[in-house]
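Engineer: Sequences are here, hints too, so could you generate the full structure?
Which chain is which? The protein sequence lines are A and B, in order.
Numbering that gives the first Met the number 0 applies: residue 0 is where the first sequence begins, and numbers increase by one.
Numbering that gives the first Met the number 0 applies: residue 0 is where the second sequence begins, and numbers increase by one.
Since the hints were made in silico from the structure, they are not lab data.
Bear in mind that the values here come from a model prediction, so they are computed numbers and not experimental data.
Please note: incorrect hints may appear among the correct ones.
As a list, the in silico EDC-like pairs of lysine to aspartate or glutamate whose alpha-carbon atoms are at most 16 angstroms apart [claimed, not checked]:
| id | chain 1 | residue 1 | chain 2 | residue 2 |
| --- | --- | --- | --- | --- |
| 1 | A | K553 | B | E85 |
| 2 | A | K38 | A | D95 |
| 3 | A | K204 | A | D217 |
| 4 | B | K94 | A | E325 |
| 5 | A | K369 | A | E325 |
| 6 | B | K94 | A | E315 |
| 7 | A | K63 | A | D90 |
Residue-level listing of the chains:
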Amino acid sequence: MLEYPRWKYVLVTLVVLIGVLFALPNLFGEDPALQVERKNRAPMDEFARQSIEDLLHKQSIVIKRDFIDSGRLIVAFGDVASQLKARDTVDATLSDVDRAALANASRAPAWMRSIGLKAMPLGLDLRGGLYLLYQVDLQGAVGQLLESYEQSFRRALNEAKLPFTDITTLGGGGGIANGLRVTLPDGADTAATEAALRKVDVNLKFTSGSGAGGAAIDMVLTPAQIKAREDYALEQNRTTLTNRVNELGVSEPIVQRQGLDRIIVQLPGVQNSAEVKDLLGKVATLELRLADTQNNALQAAQSGHAPLGTKLYKREDGSPILLKREVIVTGDELTSATSTTSTEGPAVSIKLDARGADSMLRTTRLNVGKPMAVVYIEKSRRQVEVNGQKVDRDSTSEKVINVATIRGVFGPQFQVTGLSSGEARDLSLMLRSGSLAAPIEVVEERAIGPSLGQDNINKGVRALEIGMLAVFVFMALYYHAFGLVADAVLLANVILLTALLSMLHAALSLPGIAGIILTVGIAVDANVLIYERIREELRNGVSPQAAIRAGFDKAFSAIADSNVTALIAGLSLWVIGTGAIRSFAIVLTLGIATSMFTSLLGSRALITLMYGGRRRVAQLSIG
Amino acid sequence: MEFFHRATSFPFMSTRRVWYGLSIVLILISLLSLATRGLNLGVDFTGGVTVQATFPAAANRDAVITALTAAGYADPQVTIFGTSREIAIRLPPTKQSTEEVRGKIEQILRSVDAGATIQQVEVVGPQIGGELQRSATQALIATLLLIFGYIAVRFHTWRLSLGAILAVLHDPILVLGTFSLTRTTFDLTVVAAMLAVIGYSLNDTVVVFDRIRERFHSGRRLNPVAVLDQSINQTLSRTIMTKVVTMIVVVALYALGGPVLRGFSEALIIGILAGTYSSIYISSAVALDCGLRAEHLLATAAKKPVDDLP
Numbered sequence: 000m001l002e003y004p005r006w007k008y009v010l011v012t013l014v015v016l017i018g019v020l021f022a023l024p025n026l027f028g029e030d031p032a033l034q035v036e037r038k039n040r041a042p043m044d045e046f047a048r049q050s051i052e053d054l055l056h057k058q059s060i061v062i063k064r065d066f067i068d069s070g071r072l073i074v075a076f077g078d079v080a081s082q083l084k085a086r087d088t089v090d091a092t093l094s095d096v097d098r099a100a101l102a103n104a105s106r107a108p109a110w111m112r113s114i115g116l117k118a119m120p121l122g123l124d125l126r127g128g129l130y131l132l133y134q135v136d137l138q139g140a141v142g143q144l145l146e147s148y149e150q151s152f153r154r155a156l157n158e159a160k161l162p163f164t165d166i167t168t169l170g171g172g173g174g175i176a177n178g179l180r181v182t183l184p185d186g187a188d189t190a191a192t193e194a195a196l197r198k199v200d201v202n203l204k205f206t207s208g209s210g211a212g213g214a215a216i217d218m219v220l221t222p223a224q225i226k227a228r229e230d231y232a233l234e235q236n237r238t239t240l241t242n243r244v245n246e247l248g249v250s251e252p253i254v255q256r257q258g259l260d261r262i263i264v265q266l267p268g269v270q271n272s273a274e275v276k277d278l279l280g281k282v283a284t285l286e287l288r289l290a291d292t293q294n295n296a297l298q299a300a301q302s303g304h305a306p307l308g309t310k311l312y313k314r315e316d317g318s319p320i321l322l323k324r325e326v327i328v329t330g331d332e333l334t335s336a337t338s339t340t341s342t343e344g345p346a347v348s349i350k351l352d353a354r355g356a357d358s359m360l361r362t363t364r365l366n367v368g369k370p371m372a373v374v375y376i377e378k379s380r381r382q383v384e385v386n387g388q389k390v391d392r393d394s395t396s397e398k399v400i401n402v403a404t405i406r407g408v409f410g411p412q413f414q415v416t417g418l419s420s421g422e423a424r425d426l427s428l429m430l431r432s433g434s435l436a437a438p439i440e441v442v443e444e445r446a447i448g449p450s451l452g453q454d455n456i457n458k459g460v461r462a463l464e465i466g467m468l469a470v471f472v473f474m475a476l477y478y479h480a481f482g483l484v485a486d487a488v489l490l491a492n493v494i495l496l497t498a499l500l501s502m503l504h505a506a507l508s509l510p511g512i513a514g515i516i517l518t519v520g521i522a523v524d525a526n527v528l529i530y531e532r533i534r535e536e537l538r539n540g541v542s543p544q545a546a547i548r549a550g551f552d553k554a555f556s557a558i559a560d561s562n563v564t565a566l567i568a569g570l571s572l573w574v575i576g577t578g579a580i581r582s583f584a585i586v587l588t589l590g591i592a593t594s595m596f597t598s599l600l601g602s603r604a605l606i607t608l609m610y611g612g613r614r615r616v617a618q619l620s621i622g
Numbered sequence: 000m001e002f003f004h005r006a007t008s009f010p011f012m013s014t015r016r017v018w019y020g021l022s023i024v025l026i027l028i029s030l031l032s033l034a035t036r037g038l039n040l041g042v043d044f045t046g047g048v049t050v051q052a053t054f055p056a057a058a059n060r061d062a063v064i065t066a067l068t069a070a071g072y073a074d075p076q077v078t079i080f081g082t083s084r085e086i087a088i089r090l091p092p093t094k095q096s097t098e099e100v101r102g103k104i105e106q107i108l109r110s111v112d113a114g115a116t117i118q119q120v121e122v123v124g125p126q127i128g129g130e131l132q133r134s135a136t137q138a139l140i141a142t143l144l145l146i147f148g149y150i151a152v153r154f155h156t157w158r159l160s161l162g163a164i165l166a167v168l169h170d171p172i173l174v175l176g177t178f179s180l181t182r183t184t185f186d187l188t189v190v191a192a193m194l195a196v197i198g199y200s201l202n203d204t205v206v207v208f209d210r211i212r213e214r215f216h217s218g219r220r221l222n223p224v225a226v227l228d229q230s231i232n233q234t235l236s237r238t239i240m241t242k243v244v245t246m247i248v249v250v251a252l253y254a255l256g257g258p259v260l261r262g263f264s265e266a267l268i269i270g271i272l273a274g275t276y277s278s279i280y281i282s283s284a285v286a287l288d289c290g291l292r293a294e295h296l297l298a299t300a301a302k303k304p305v306d307d308l309p
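Structural biologist: Below is the structure:
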């Protein structure tokens with residue numbers, strides 16, 4: 000007599016049904032598609048859809064179907080040629096308002112999409128694209144923090160009229176700056192100075208000591224403060240990169256933190272790495288200053304000394320110009336920028352925050368008729384050779400892009416001209432996406448061609464199909480009816496695994512497909528352990544039903560053991576792995592879970608169904 | 000169909016000196032090759048540039064090397080992989096972007112064959128390579144330690160634990176040795192495969208040891224040699240069967256999975272073969288030579304929770 004509790008049947012059926020539902024979207028495959036979105040982030044509407052459809056029809060491009068998904072228009076095509084032609088058409092005619100990106104559209108019916116059922120996204124190795132690994136300069140982030148404290152300290156001491164000789168950075172362990180030293184002249188009031196500094200930030204720790212030149216007050220950042228700054232910098236950079244990547248209009252981009260100081264950027268379908276890297280790593284901003292009209296700029300340029308209160312700049316044509324030292328509006332005070340076109344060529348329409356608007360208002364009111372200059376500042380990181388060693392240096396290029404006479408009083412909004420259209424676009428992007436809190440550098444870069452991706456999918460899927468088919472045939476030949484049960488269980492295992500991966504939206508890569516194939520091996524192993532045990536019991540003369548029970552019970556510890564060891568390996572990989580290796584580890588670990596479930600619960604349910612109940616079983620079909 | 004219809008009774012224990020000898024020779028060859036030739040580390044670990052390209056007809060490797068050298072790339076490594084039309088070029092680390100590399104190499108390859116197309120460009124910074132080497136080594140060691148810990152808890156006697164540990168060490172060394180001897184590119188996917196192999200190999204050993212424990216339970220007066228032989232013979236059909244089935248899928252992966260998975264599936268094939276061998280011939284024999292007897296398992300068996308039930 001062989002029994003199996005009803006609730007286990009219900010559980011197995013339910014889980015497999017849910018698995019089938021979630022795995023289903025993967026069966027439909029994908030069409031080459033175009034994703035079109037509004038540059039100003041407004042959602043696409045029926046009217047926009049109609050106009051794009053008309054546009055493409057005019058070029059006799061055949062649209063397979065189109066739909067609006069979370070504010071973006073997705074247009075699917077029958078082949079890649081139409082997709083590329085459509086992209087060029089949209090770029091040529093609608094690039095002012097719309098942004099088009101190559102994408103893949105699932106062929107799954109609309110009702111699946113509407114209830115959130117989606118196919119597994121494909122990894123870069125399977126669809127082609129650009130992979131960038133950025134190293135974030137965390138020391139640079141702490142340096143920036145110290146710099147801003149230094150400025151605050153100077154301001155606070157000047158305002159309180161307390162004398163100090165200098166403020167220098169302190170090197171912590173290993174020569175990394177982690178604090179500031181304020182050196183004081185003889186007879187300075189140390190206590191009052193410390194109190195004034197403390198007001199800058201109450202969380203800072205100060206110690207008074209004596210430097211080389213006399214009395215000094217040291218501020219050293221605590222490890223917790225440094226950690227907080229590093230975390231902030233990394234998170235801020237990730238956010239900024241995410242914003243910038245979104246501006247690229249790539250379909251399904253990924254921006255992730257990796258480890259302590261890295262950020263991964265994955266851009267499916269992108270191939271032009273130089274342009275992308277330039278845009279992602281760039282730091283650009285604007286400053287507004289009054290132009291100096293009293294001194295001769297040419298003289299200053301020749302002597303190399305700017306007169307007091309002025310700073311020497313160069314215009315775009317290389318001619319020198321003197322600007323006042325005081326900044327009317329700094330880059331931090333810009334809240335938004337959009338590139339537009341004006342009668343004088345490309346322009347950026349700029350909005351200021353309250354402080355910037357206030358300063359603008361005050362300055363323009365007092366200086367009507369005087370010239371004001373717009374300075375474009377771009378920071379970049381390039382390699383220079385110092386003593387035969389390559390060192391990264393941050394370099395800043397500043398140029399005056401526009402000098403205009405103030406004709407009236409400005410409020411929080413105005414237009415700047417004098418930028419090339421590329422600069423206007425970049426600047427508006429930079430200002431919108433936020434600045435990078437620490438310098439970043441590309442340390443790893445992979446560009447995978449789209450045809451290689453397709454080739455990889457075909458090979459991986461074929462290996463999976465043929466491997467599984469061979470196992471199915473082998474199991475059925477070797478274990479007869481029990482083999483068919485094992486096959487059903489294997490299929491259920493692959494379905495459940497696919498369902499889990501689809502639910503988690505884990506990207507499938509080629510090693511991931513290898514993971515699925517290995518999981519098939521693990522799942523077969525569990526079944527073989529059980530069946531061999533049953534055969535052994537039968538050989539020992541045990542009755543068929545008792546043999547089944549003993550087979551499952553006695554094989555359990557071996558199955559559990561083998562899964563624990565595979566799990567240890569899977570988790571180790573998960574920890575070290577990045578990218579494709581991690582996707583292998585995820586598949587392997589999840590596969591162990593699903594194979595435990597299907598082989599122990601699923602296969603027992605099926606076999607009990609076949610041989611269970613009170614009827615007498617003379618023989619098992621186990622080969 | 001059944002390959003093992005009658006119970007087998009191979010005398011594994013009495014021939015163990017032969018197998019020890021074989022394993023020692025293989026391990027020595029592997030270690031010697033690792034020490035002298037080292038591994039052909041992939042760009043994952045060294046940093047550098049790889050470019051994959053396809054030619055319309057069979058690629059002329061020498062012409063590609065000549066063209067690259069003429070263009071100023073010293074000692075380029077060019078391998079033909081996958082089909083005869085696909086090549087992989089390996090260059091030292093550079094600060095150039097993938098696009099710049101693609102542009103230059105494409106120009107060079109087009110001078111060899113106008114129809115050449117570049118499929119993939121990878122640029123890995125040297126610091127990443129060093130870091131991955133460290134983290135891969137750490138992962139291997141961590142996995143081995145975790146598995147040793149698991150073995151120590153699982154088997155109740157150091158004699159079985161030692162047997163399992165030696166068997167587990169045996170397999171990755173042979174995989175490393177083969178990769179060193181054949182100069183196959185050793186990259187991160189191979190490390191993944193090795194970790195999977197360690198899991199697999201232990202799995203077989205665990206099944207055999209489980210049976211040994213069960214046999215000793217049935218009679219404490221039994222002769223250890225007989226018990227070990229019986230245990231291995233009784234689990235032999237299972238050991239072979241699961242490996243045959245796993246091999247079917249891994250060979251499919253090797254033959255059809257394309258060049259990216261070649262190293263990965265190769266490591267799995269070698270590892271699974273070595274693992275099957277070591278769990279049959281090595282692990283139990285080591286335990287026997289450490290003086291394994293029934294009482295080592297029975298003393299603690301009484302305290303052991305019943306884990307033979309689902």
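Engineer: Check the structure against each numbered hint from earlier and tell me which ones fail, lowest number first.
Structural biologist: Checked against the structure, the hints that fail are numbers 1, 4, 6, 7, while the rest are satisfied.
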